[in-house]
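*Asks:* Below, each chain spelled out in residue letters.
There are 2 protein chains.
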Amino acid sequence: MAKVIRVNMTDLTVRTEEAPAAWAGLGGRALTSTIVAEEVPPTCHPLGPNNKLVFAPGLLSGTAAANSGRFSAGAKSPLTGTIKESNSGGTSARLLSRLDIKALIFEGQPVGDAWYRVHVNKDGVTIEQETETLGKTNFAVLESVASRFSEDFGVLTIGPAGEQMMGIANISVRDTEGKLRSFGRGGLGAVMGSKKIKFITIDGDGSSPIKLADPNAFKAASMVFTKTLKDHPVSGQGLYTYGTAVLVNILHEAGGLPTKNFTSGQYEHHEKISGEKMYENITARGGEPSHGCSNGCVIQCSQVYKDTAGNYVTSGFEYETIWALGADCCIDDLDIIAEIDNVMDDLGVDSIETGVMFAVAMEAGILPWGDGKEIIRLLREEVQKATPLGRVLGGGTLAVGKAYGLTRIPVVKGQAIPAYDPRAVKGIGVTYATTTMGADHTAGYSIATNILNVGGKVDPLTNVGQVELSRNLQIATAAIDSTGLCLFIAFPALDIPECLGSAVDMINARYGIKLTMDDVIGLGKTVLKIEHEFNLKAGIGPEQDRLPEFFELESIAPHNVKWDMDQKELESFWNF
Amino acid sequence: MAKVIRVNMTDLTVRTEEAPAAWAGLGGRALTSTIVAEEVPPTCHPLGPNNKLVFAPGLLSGTAAANSGRFSAGAKSPLTGTIKESNSGGTSARLLSRLDIKALIFEGQPVGDAWYRVHVNKDGVTIEQETETLGKTNFAVLESVASRFSEDFGVLTIGPAGEQMMGIANISVRDTEGKLRSFGRGGLGAVMGSKKIKFITIDGDGSSPIKLADPNAFKAASMVFTKTLKDHPVSGQGLYTYGTAVLVNILHEAGGLPTKNFTSGQYEHHEKISGEKMYENITARGGEPSHGCSNGCVIQCSQVYKDTAGNYVTSGFEYETIWALGADCCIDDLDIIAEIDNVMDDLGVDSIETGVMFAVAMEAGILPWGDGKEIIRLLREEVQKATPLGRVLGGGTLAVGKAYGLTRIPVVKGQAIPAYDPRAVKGIGVTYATTTMGADHTAGYSIATNILNVGGKVDPLTNVGQVELSRNLQIATAAIDSTGLCLFIAFPALDIPECLGSAVDMINARYGIKLTMDDVIGLGKTVLKIEHEFNLKAGIGPEQDRLPEFFELESIAPHNVKWDMDQKELESFWNF
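In the order they appear, the protein sequences are chains A and B.
First residue of the first sequence? That's 56 in the numbering used here, and the numbers climb one at a time after it.
First residue of the second sequence? That's 56 in the numbering used here, and the numbers climb one at a time after it.
Do not take every clue at face value.
Each pair may be met inside one copy or between any two copies, as identical chains are not told apart.
Under the rule of at most 30 angstroms between Cα atoms (straight-line distance), these lysine-lysine pairs were calculated in the DSBU-like manner [said to hold, decoys possible]:
1. Lys428 <-> Lys440
2. Lys315 <-> Lys191
3. Lys440 <-> Lys315
4. Lys580 <-> Lys592
5. Lys58 <-> Lys282
6. Lys315 <-> Lys251
7. Lys617 <-> Lys251
8. Lys327 <-> Lys285
9. Lys315 <-> Lys327
10. Lys177 <-> Lys580
11. Lys584 <-> Lys315
12. Lys274 <-> Lys58
13. Lys569 <-> Lys332
14. Lys584 <-> Lys623
Quick caveat, the hints were computed from the structure, so don't treat them as lab data.
None of the values given here were measured: they were computed from a predicted structure.
Starting from the given sequences, assemble the full structure and let the hints guide the process.
*Replies:* Right under this line is the structure:
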């Protein structure tokens with residue numbers, strides 16, 4: 056029987072419950088958002104005792120389904136004030152599922168100054184006071200924890216940024232190689248810090264393989280599903296070879312690569328920070344160009360990036376990170392960006408929020424454009440040490456912009472806008488404005504159709520069809536985020552009819568149920584509406600479903616386009 | 056014919072228009088809010104080119120009416136995101152009215168780095184580049200400006216905080232003694248800074264006395280009105296003798312004096328910072344206990360405070376300032392608080408926002424509780440120099456609380472809660488939550504009835520009747536704020552029937568119109584609804600009409616009460 060474990064951090068007690076029947080068909084984002092919406096008062100302070108931090112594996116987590124390793128974390132976000140779900144790769148979703156834990160819910164808040172570590176294994180959950188790793192960075196935590204386990208285990212940890220409850224703080228997750236992935240966005244690391252949890256370990260020892268209701272049907276569906284991932288050019292080749300950084304040159308060509316804090320759509324030195332350049336460096340230095348973030352990944356968009364001496368620098372070196380520090384901060388050196396990525400992992404900060412924040416800090420005159428070494432110094436000497444300047448920077452893009460009186464602050468609902476300029480790719484602008492999560496590209500990745508011609512073609516430069524495109528993608532994404540499957544299955548899902556069907560077949564074979572495709576789409580709609588309702592109750596209404604004013608005032612090269620979507624049309628997003 | 060002057064800071068042009076007929080019955084807050092609501096896009100960036108900064112004298116400004124020297128400034132507030140009207144004493148309202156200028160509207164924003172000064176006289180408005188006083192503090196600006204004029208003139212200026220567009224920045228106003236008053240709240244100094252205006256001077260030379268439609272009726276009404284101000288014990292005696300600081304001991308006794316960042320309702324050392332103690336110091340040192348902030352004041356709540364050597368330290372030394380730095384920051388020394396008040400005037404920062412911010416900074420560990428000398432150092436060395444820490448502090452109470460991950464942040468809509476604990480004085484809690492301006496006591500001063508038994512008596516500790524009390528006061532206040540009359544006329548107005556009637560008679564005699572009391576109440580309602588509508592369009596809805604969560608979680612001594620007003624009841628505020 057699937058369990059829900061509630062860890063009360065006020066009185067340090069643990070309660071294990073049978074999962075309620077109403078939660079049976081829910082996993083991942085559907086479950087975290089349901090729990091947060093049901094149990095967290097929408098107007099509560101995100102860092103206070105009434106917020107909850109919820110972890111949930113997806114519906115297919117722990118099975119042999121390809122790319123089913125995603126893990127969801129949910130809470131009210133201190134960065135956006137909205138409901139938040141963030142998902143990550145790593146080893147933990149699989150382990151929790153195999154321990155038959157459907158959700159792990161952290162409630163309350165300790166009163167004193169003590170910090171804690173939490174351990175999950177087959178016997179349940181224990182809470183112990185933690186002192187050794189306090190103030191330490193993530194890699195130090197991993198090292199400290201690794202000595203306590205022999206094999207397969209999971210770690211969820213916060214670095215100094217999370218301990219200091221900064222808005223840029225993420226929750227980091229140990230991956231299959233013992234390196235870090237993260238629940239990046241929305242400042243969830245600050246929520247974990249507010250509950251005084253330094254890290255959570257998950258020991259899979261004694262866990263059981265997932266019991267499938269119909270193993271043969273599962274296997275058959277799984278084979279079809281895996282084949283679709285391998286057959287599609289984006290998931291089967293592009294991402295495999297160049298990682299997500301394959302997008303640098305593509306977005307530059309499309310004029311939608313935000314450069315120098317969103318003042319241009321093209322970056323002169325794009326080739327120096329491209330996926331192609333990354334591949335060249337990796338292969339020349341004995342790194343790994345293709346690599347999975349969790350067990351059973353067939354897309355392998357991750358990689359291991361080494362320096363010129365052949366030493367490990369970073370992995371999971373994403374387009375978003377490279378864009379934010381590269382084009383947006385005008386740093387044209389992939390090696391420095393990789394080093395910054397390593398430092399960001401170590402401190403436990405979201406690379407999108409942090410990168411965009413530094414571009415704003417450059418506009419504010421805090422550091423020169425393009426100065427990657429100064430970014431490393433600011434991260435190590437100011438953010439890590441939580442100096443006053445470190446706290447301003449640690450507050451994220453909006454905090455820096457406000458502190459320095461800027462008007463060009465690329466955020467929606469307080470969260471930094473990612474790597475696609477909404478003026479030149481209007482579908483993603485609809486997603487940024489309307490998603491329940493604050494600016495977020497993954498919520499409804501219109502780039503697929505606007506730029507990559509996946510799932511058809513919608514002209515990125517006109518407003519026609521963008522709301523419908525974003526709506527369909529956001530609904531599908533909310534459903535996919537609930538399965539534990541990687542969002543990149545969306546590429547084959549949009550072009551190859553068997554892809555989503557076989558995913559539904561796997562869910563049915565896993566649980567012995569008979570969902571239809573309509574049921575899954577219905578789940579996506581329900582999730583979005585639950586989240587939207589939470590936000591409305593939190594005071595975040597349609598007036599905040601919009602882009603910053605400067606996108607309407609300034610046109611962007613090379614297409615010389617502004618953001619000119621009618622606000623009423625944007626509001627029609629919710630007509631479903 | 057009354058003029059409206061539009062100063063376009065984008066192209067540095069000036070346009071003088073005849074005031075539209077629809078604005079004929081409007082002045083002060085009614086006019087600034089009407090103009091902002093009609094002309095400023097509610098979702099614009101407050102520091103961007105689409106915001107406007109509007110100054111308007113009241114309907115009775117420039118006449119011989121007692122206490123008619125208040126001057127209104129309006130804009131979209133960078134601190135609260137709401138519409139904002141702030142009003143101040145000083146000499147400018149009278150001068151503008153006598154120049155027949157009904158509103159002075161600053162629009163647009165210069166593109167380059169140059170700063171400007173604006174001069175208003177009988178010939179119109181001129182804009183000139185300003186360099187001499189850039190970076191200088193307010194007293195230095197006054198000194199620089201004074202050398203250019205011989206007699207009666209007005210100055211509106213921003214200090215370093217406004218130049219740096221900080222949330223705590225106010226607009227300072229020269230008073231009758233050549234000292235400073237201010238448009239304190241809502242960060243209007245940052246709006247003036249965003250338009251690159253260092254100061255505005257108003258030369259009354261060649262202006263004409265106000266032409267009254269019926270001088271005899273005016274004189275008769277004015278005598279009745281003045282008598283009511285002198286007859287009421289609060290406006291006629293209490294404020295005259297002890298200034299607004301008379302409230303320190305009263306609120307301590309009532310258990311509603313927020314102490315140590317709102318952790319108690321009583322301050323052990325209240326007597327050391329009381330109005331009685333202030334009076335003792337002033338009289339012993341040759342200061343002035345009673346003093347007006349503008350011509351024609353008969354209440355004389357201001358004073359001149361000197362140090363032990365008999366040197367001028369500050370004037371307009373208000374209860375709010377003394378409470379915020381005294382009880383809330385635990386500083387029990389009136390002399391240090393006076394010195395801080397002087398520094399705040401010099402830098403151009405709101406004393407409520409700044410004082411409450413420092414209490415939060417003390418809770419965050421930035422400085423020790425009660426350390427007034429360190430506050431002076433932080434203001435001079437950090438805020439004035441706009442260091443990173445200075446920018447955090449300059450962002451105000453919410454900015455500091457967020458940067459340091461606190462949950463006990465006493466703000467509503469981003470603006471600091473003033474000197475009355477809403478748990479112990481529930482009517483003022485309704486005002487804080489519902490006013491269109493962010494937490495503000497003047498918007499509906501329930502203390503009058505909850506504590507001082509003026510206008511009846513409503514038990515401060517129960518929720519009964521508080522919404523109605525606050526509603527009636529907010530409506531009346533919106534009307535009074537439109538007349539140019541000081542809000543302290545509300546004390547006689549609540550108890551002496553002739554007071555408001557004679558004020559309406561004065562307006563009628565001034566303009567040759569026939570307003571009734573109902574018309575004036577109707578004006579108050581209209582103003583509130585215009586402001587509320589603006590806020591709704593700006594995305595600030597009923598969910599944000601609430602107090603911070605910690606007031607619901609923590610009870611306060613000595614009454615051990617929490618904030619427990621039903622949210623639906625609060626929302627019923629708008630049923631009128």
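*Asks:* In ascending order, which of the hints set out earlier in this document are inconsistent with the structure?
*Replies:* Hints 2, 5, 10, 11, 13 are the ones this structure does not satisfy, whereas the remaining hints hold.
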